[in-house]
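Colleague: Sequence:
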Amino acid sequence: MPRPARGDERTAAVHRLALATLDANWEHDHTVPSRTLYPHQWSWDSAFIAVGLAHVRPDRAWRELRTLFTAQWADGRVPHIVFNPALRVGSYFPGPEFWDSARADEAPPVATSGMVQPPVHALAAWLVHRRAPTEASVQALRWLYPRLVAQQRYLTVRRDVGGAGLACIVHPWESGLDNSPAWDAPLAAVPADAAVMRAYRRHDTTHADAAHRPTDLDYARYVAIVAAYREARYRDSGLAGGHPFLVECPLVNAALGAAEHALARIATVVGADPGPHRDRAARITETVVARLYDPATGTFHPRDLRTGRLVPARTALGLLPLILPDLPARQVGAVLAEACSVRFGLAARMARPLPSHDRTAPDFEPLRYWRGPSWLNIAWLLRLGLRLHHRPDLAAGLRESMLDLVARAGCHEYFHPDTGAGLGSPAFSWTASLALDALADG
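Sequential numbering from 1 applies to the sequence shown in my numbering.
Hints in this document: simulated from the structure, not taken from any laboratory.
For glycine and all other residues, C-beta sits at the position ideal for the given N, C-alpha and C.
Check the hints yourself; a few may be wrong.
Label-pair ranges, simulated between beta-carbon atoms [unchecked claim]:
#, residue 1, residue 2, range
1, T419, R142, 43 to 49 Å
2, E27, R306, 23 to 29 Å
3, G242, T268, 27 to 33 Å
4, E400, L217, 28 to 34 Å
5, V157, D100, 22 to 28 Å
6, G7, F93, 40 to 46 Å
7, V138, V342, 42 to 48 Å
8, P133, G308, 23 to 29 Å
9, P146, A227, 28 to 34 Å
10, V138, T70, 43 to 49 Å
11, W143, D326, 26 to 32 Å
12, G242, R142, 17 to 23 Å
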């Protein structure tokens, strides 16, 4: 029998490793992001995990989403962490005792955080169904559909602090890119003292090099923002009056628009009207362009609602409105130019992995969390956008780069943007899941 080609060997090795990672991280009704750093259920992690599970464990993919949405709040928010009550108090910081979600009137019985993450769940649900369509998947969509609609309503109504129809994030953690340079300017206005962290025990620096993680001053600001929201019992009605961090994020709002497109497709399966979803998607795309696109830089930026100004940092966030299928041609062209520039290095043959921040910027840090390293979920989202906008050449280059990272370094949380070395958690679930999806979707 002939020896398999190198590509076949790589495919088989990545598939084995990814499947073993997901199986090892399965926790009876959900998948933990990692057994070390993130021992509970995280919101957008579960969406990405479901996408990959659809290829190998479709029943688990639906269980993943159902478990997450069982913890949805009465107001429609999907919390960014659902805590596992079987874990000891103090096993993660900030844990359930810090969030104290029970003080909120609309919280579920299970302990959760009070914040959200990018709404990529409708897109994930549609992809899971499309990968493995069965009567069971139709029933799963019927259960999820009203809950996904409620999630969208929460973000577009309760979180529309700016009054233009976009969702506002109230903490950097809600963006998913927790420590991005995009948040430096808004965070600088949050009063905090690094000494505050002496009262807490950070677990992230136990499992990862402190030089790769947010600083204590960053964490003090994170804690201060959570405390302000918690003291308001996680109500959104008074955010404009005094909450210390209010930003319209390009990724969150692009995901919001992409979710409406996905919901239009789901609606046709479950017998609902897709028209309102298409209308809302068009309005969101129009508003994302009007409020977050800067013609001077040719890319998208977060808008700080405290100052009314766009944040100048050029990060991977600016590329991700490409996931909007109705993004106008002018902005598509500008984003592609930004992605292919020396700042990010996208190409049909990638010389280096896609960074999370402009690699020419003076504050680019190749080792520190979200301030330079490469992440598979960002590459996966960008690849989705490239395929939507008819750039299979660039999408193929990005896919090759994604798979090469995993083949060489394993299913790490993130990777060095120059060398491809694995960083963060060594057995990270969304890396495994999205590698499986890339393998299946060549």
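Colleague: Each hint should be assessed against the structure and marked as holding or not.
Modeller: Against the structure, the hints come out as follows:
1. T419 - R142: 43 to 49 Å: holds (47 Å)
2. E27 - R306: 23 to 29 Å: 39 Å Cβ-Cβ, so the 23 to 29 Å window is violated.
3. G242 - T268: 27 to 33 Å: Given about 43 Å between the Cβ atoms, the range is violated.
4. E400 - L217: 28 to 34 Å: Hint violated: Cβ distance 39 Å, outside 28 to 34 Å.
5. V157 - D100: 22 to 28 Å: holds (25 Å)
6. G7 - F93: 40 to 46 Å: holds (43 Å)
7. V138 - V342: 42 to 48 Å: Given about 47 Å between the Cβ atoms, the range holds.
8. P133 - G308: 23 to 29 Å: Since the Cβ atoms of P133 and G308 sit about 46 Å apart, the hinted range of 23 to 29 Å is violated.
9. P146 - A227: 28 to 34 Å: About 33 Å separates the Cβ atoms of P146 and A227, which means 28 to 34 Å holds.
10. V138 - T70: 43 to 49 Å: Cβ of V138 to Cβ of T70: about 19 Å, so the range 43 to 49 Å is violated.
11. W143 - D326: 26 to 32 Å: Given about 28 Å between the Cβ atoms, the range holds.
12. G242 - R142: 17 to 23 Å: Since G242 and R142 have Cβ atoms about 41 Å apart, the given range 17 to 23 Å is violated.
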